[in-house]
Amino acid sequence: MTTISVAIVDDDPIVCSSIGTILTATGTTTVLWTAHDGAAAVREYAAHTPDVLLIDVQMPGMDGLDAAERILDGHPDARILILTTFADPDYIRRAVQLHTKGYLIKQDVASVIPAVQAVMAGQVVLGAEVLGQIAADGGHDGGRDMQVVEDERFSRLTERERDVVALVAEGCDNRQIAAELHLSEGTVRNRISDILAKTNIANRTKLAVEWLSCH
Numbered sequence: 001m002t003t004i005s006v007a008i009v010d011d012d013p014i015v016c017s018s019i020g021t022i023l024t025a026t027g028t029t030t031v032l033w034t035a036h037d038g039a040a041a042v043r044e045y046a047a048h049t050p051d052v053l054l055i056d057v058q059m060p061g062m063d064g065l066d067a068a069e070r071i072l073d074g075h076p077d078a079r080i081l082i083l084t085t086f087a088d089p090d091y092i093r094r095a096v097q098l099h100t101k102g103y104l105i106k107q108d109v110a111s112v113i114p115a116v117q118a119v120m121a122g123q124v125v126l127g128a129e130v131l132g133q134i135a136a137d138g139g140h141d142g143g144r145d146m147q148v149v150e151d152e153r154f155s156r157l158t159e160r161e162r163d164v165v166a167l168v169a170e171g172c173d174n175r176q177i178a179a180e181l182h183l184s185e186g187t188v189r190n191r192i193s194d195i196l197a198k199t200n201i202a203n204r205t206k207l208a209v210e211w212l213s214c215h
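Using full-length UniProt numbering, read the sequence shown as starting at 1 and increasing by one per residue.
These aren't lab readings, by the way, just hints derived from the structure by calculation.
Ideal placement from N, C-alpha and C gives every residue a C-beta, glycine not left out.
Hints may contain errors.
[Unchecked claim] Derived DEER-like restraints, expressed as beta-carbon distance ranges:
{"no.": "1", "residue 1": "Glu159", "residue 2": "Asn203", "range": "18 to 24 Å"}
{"no.": "2", "residue 1": "Arg189", "residue 2": "Gln107", "range": "27 to 33 Å"}
{"no.": "3", "residue 1": "His182", "residue 2": "Ala121", "range": "22 to 28 Å"}
All chains, please: the whole structure from these sequences, using the hints.
In structure tokens form, the structure reads like this:
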């Protein structure tokens with residue numbers, strides 16, 4: 001089995017060490033490097049590209065979101081997973097806009113390994129607390145109500161497609177959606193592709209965010 005190379009960026013070296021220990025315990029992941037601020041992350045990423053980059057938001061100097069933006073400018077296919085203590089709607093919104101691969105809260109450390117594996121498999125990961133924060137945010141984006149735009153998009157969907165979107169927004173993966181709706185996983189993948197095309201939404205993370213913003 002090919003191991004996944006991971007880089008960890010956090011201003012607390014103990015956090016870097018702890019997450020590294022969790023990740024390497026299974027033998028499926030290796031830690032390529034660690035860094036303690038955004039500027040160092042940008043430099044290290046350019047020199048030694050990991051399969052997945054785990055990065056905190058609030059750090060001295062360049063923060064994690066600014067670093068993610070710089071890395072993605074030079075490496076559009078970078079798999080960046082935000083790992084922070086802050087379920088802040090502004091942070092979450094920006095992470096989604098940057099096309100990072102997910103946003104997790106540090107307290108849920110058990111989810112780190114499956115999240116890294118999901119990102120490697122091409123999925124986007126949002127923790128349950130993050131999805132809850134998006135829903136609580138009430139569909140406002142910088143003071144602009146998004147209700148009309150989103151309702152128009154989702155009104156094009158069939159009832160079954162709406163069922164699929166609702167489960168995506170709950171954080172279900174394709175296997176769970178298939179089991180819930182008595183469909184095959186292939187059918188679920190096709191339905192999600194159709195939904196993204198109909199709504200002109202880029203990926204399932206944005207799909208979940210925008211559905212929760214208006215429901």
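Hint check:
1. Glu159 x Asn203: 18 to 24 Å: holds (23 Å)
2. Arg189 x Gln107: 27 to 33 Å: Distance hint for arginine 189, glutamine 107 holds at roughly 31 Å.
3. His182 x Ala121: 22 to 28 Å: This hint holds: roughly 24 Å between Cβ atoms.
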